[in-house]
Amino acid sequence: MSTPTGDPVIRVRDLKKSYVSPAGTTEVLHGLNFDIYPGEFVAVMGPSGSGKSTMMNILGCLDTATSGHFAIAGKDTAKLDSDALAKLRNDVIGFVFQGFNLLARTTIEDNVALPLVYRGVERAKRHEAAHAILQKVGLDGYAKSRPSQISGGQQQRVAIARALVGKPTILFADEPTGNLDTKTSDEIMEVFSALNRDDGITLILVTHEPDVAQYAKRLIRLVDGHIDYDGPSRAYFEEKAA
Amino acid sequence: MIGPMLAEAWSALAANRLRSILTMLGMVIGVGAVITMLSVGEGTKAQVQATIASMGSNLFIVQSGSAQSGAVRTGAGGQQTLTSDDATALAELPGIVAAAPVAPGNAQIVSATGNWQTQIQGTTEDMLIVRDWPVVQGYPFSESDVRSAARVALVGRTIVTNLFGDENPVGQTVRIKNLPFVIQGVLSGKGQSLDGRDQDDTILVPVTTAQRQLFAGRFGDTVRFIMVQAASPEAMATLPADMTALLRQRHRLADGQDDDFQIRNLAAMADSAAQTAQVMTLMLAAIASISLIVGGIGIMNIMLVSVTERTREIGIRMAIGARQRDVLLQFLLEALMLSLLGCLIGVAIGVGGAWLIKLLSGLETVVTSESVILSFAVAAAVGVFFGFYPARKAAQLKPIEALRYQ
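Listed in order, the protein sequences are those of chains A and B. The first sequence begins at 1 in the working numbering and counts up one residue at a time. The second sequence begins at 1001 in the working numbering and counts up one residue at a time.
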């Protein structure tokens, strides 16, 4: 775990989330507490139903907590309206999904450039930025293709490019390798590692695969909506192996 | 911002080409119907207005009243009480431009090459002023022609066509009831009257000539009616009272005695005809606009389906930073594009329809720029109105719920 420097980019205090259904109220997160500092690479693990995706969606400003305090980039999210949250998602956050979530009838370059549309960047500059990022993930030759014309690994690279095009400070990835084979998974994880190592992007990644989690420096393990482990990932896996 | 959104809307519509076209069809038919129906209405209105203008403006007709003999009353004009001098006196009233006496009758006219039965109107040179009826060839008859009961005639277009063909009739002689008349001028064309009579099938002769020579004994020195032109529409309101007073005095009618004449306001008749045309236009437009509303509902229906289908796409867009208003605008633009594109095609079809109706039925049709502008305005309003609800529904989705939608 790298030495914490400066203010945390994410501060979570007593974060709770519950769902109301006709059967009653189900609490999924029972009061989480942690800080994440700039430049960290955090893996979030846990069995199915442990609440890790719910937590990611809240951290990614896609969902809201029921109670507790959650600040991202120094902003208390409870005080933000939907427009301000959208701006956060656009400026500060990049999100990579398990299912890629590309727009099917839009070209690769337009998919990648889409976040910049909502920022009001003009067409030429959007495409310039998209091409630069596509080059970085090794897909510059596919700019005019559509998502259905490329492989799953390539689609996930496009999704990463889209998450990066707005130059976010935090990148969230929810099971980014879940739909990929082992070899492609490794390639994608190399891309993530390089982003964290070379560009200093804060990376938070949900996975249930230990192989993937081992790329991270810090591990947060959730069980039944509680934090079961929060520390260096290497120490966790060594202890487990022993 | 709007640029990529327009491209986005276009590609969304293009992705479901058949569905988009079928949805637009509602607008196409609606706008086409409105444009065509308005063109028929406007055409009718234009025709009525032309007819009204051909009658002359601000007109009164003064007719002889009915005669009573014992208990039996004749209809209007049953007794001849009006004279040319009445016309001269009426013309002196303030607010009256001119008054023309008319002594009409039918007769066979014979030229060197043929003959034709037509209406002869004995009148004065004032007739040309009252009816706004210029002489296009030759020259009108004068006061002295009237005073001397000269045998001169002004002929209408139809007479020229039927008796002279392409020849110049001015200076030629025709025989009316065996009396030779010199054609002194040709009247400009007036077309049909409000009741469908051909106004150009007529000959004007001096009123004195008609009274003493053509229809001797029928009129004496009276006339059938007098056409009076007021100076302005405002004068039309007060003139009947003045005219009544003048004529009662001239006819020496005691108090309590009925008028022996009737005054009819032709402007009122013209107004009601124009109003009828206007009501018809409105009714046609109202019926046609129902189909516009149906088209709008079609758009709303498809947009709702589209929002549901693309819930996940909306979620993705929100996840990468689309604000509610971005999503709202996107779907609103799609609805607007559907309706305006439909309108564009509808206008083309409407103009074509108007042309076809004119071609096939001979009805006058006029496509006005107002009706085209109106169609676009209504189409835009329909697009916004029926597109807003689905667009708002899309914009109010929660990002995570939209993303989870399968």
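One or more of the hints may lead you astray.
Stated by the list, open to error - One-sided and incomplete, this derived list gives chain B residues near chain A with beta-carbon spacing under 10 angstroms:
| hint | residue |
| --- | --- |
| 1 | Ile1129 |
| 2 | Met1236 |
| 3 | Ala1237 |
| 4 | Arg1317 |
| 5 | Met1318 |
| 6 | Arg1323 |
| 7 | Lys1398 |
These are calculated hints, taken from the structure and not from any lab test. Predicted, not measured: the structure shown is a model, and the values here were computed from it. By construction, the Cβ of each residue, glycine as well, lies at the ideal position given by its N, Cα and C atoms.
Hint numbers contradicted by this structure: Those not satisfied are hints 1, 2, 3.
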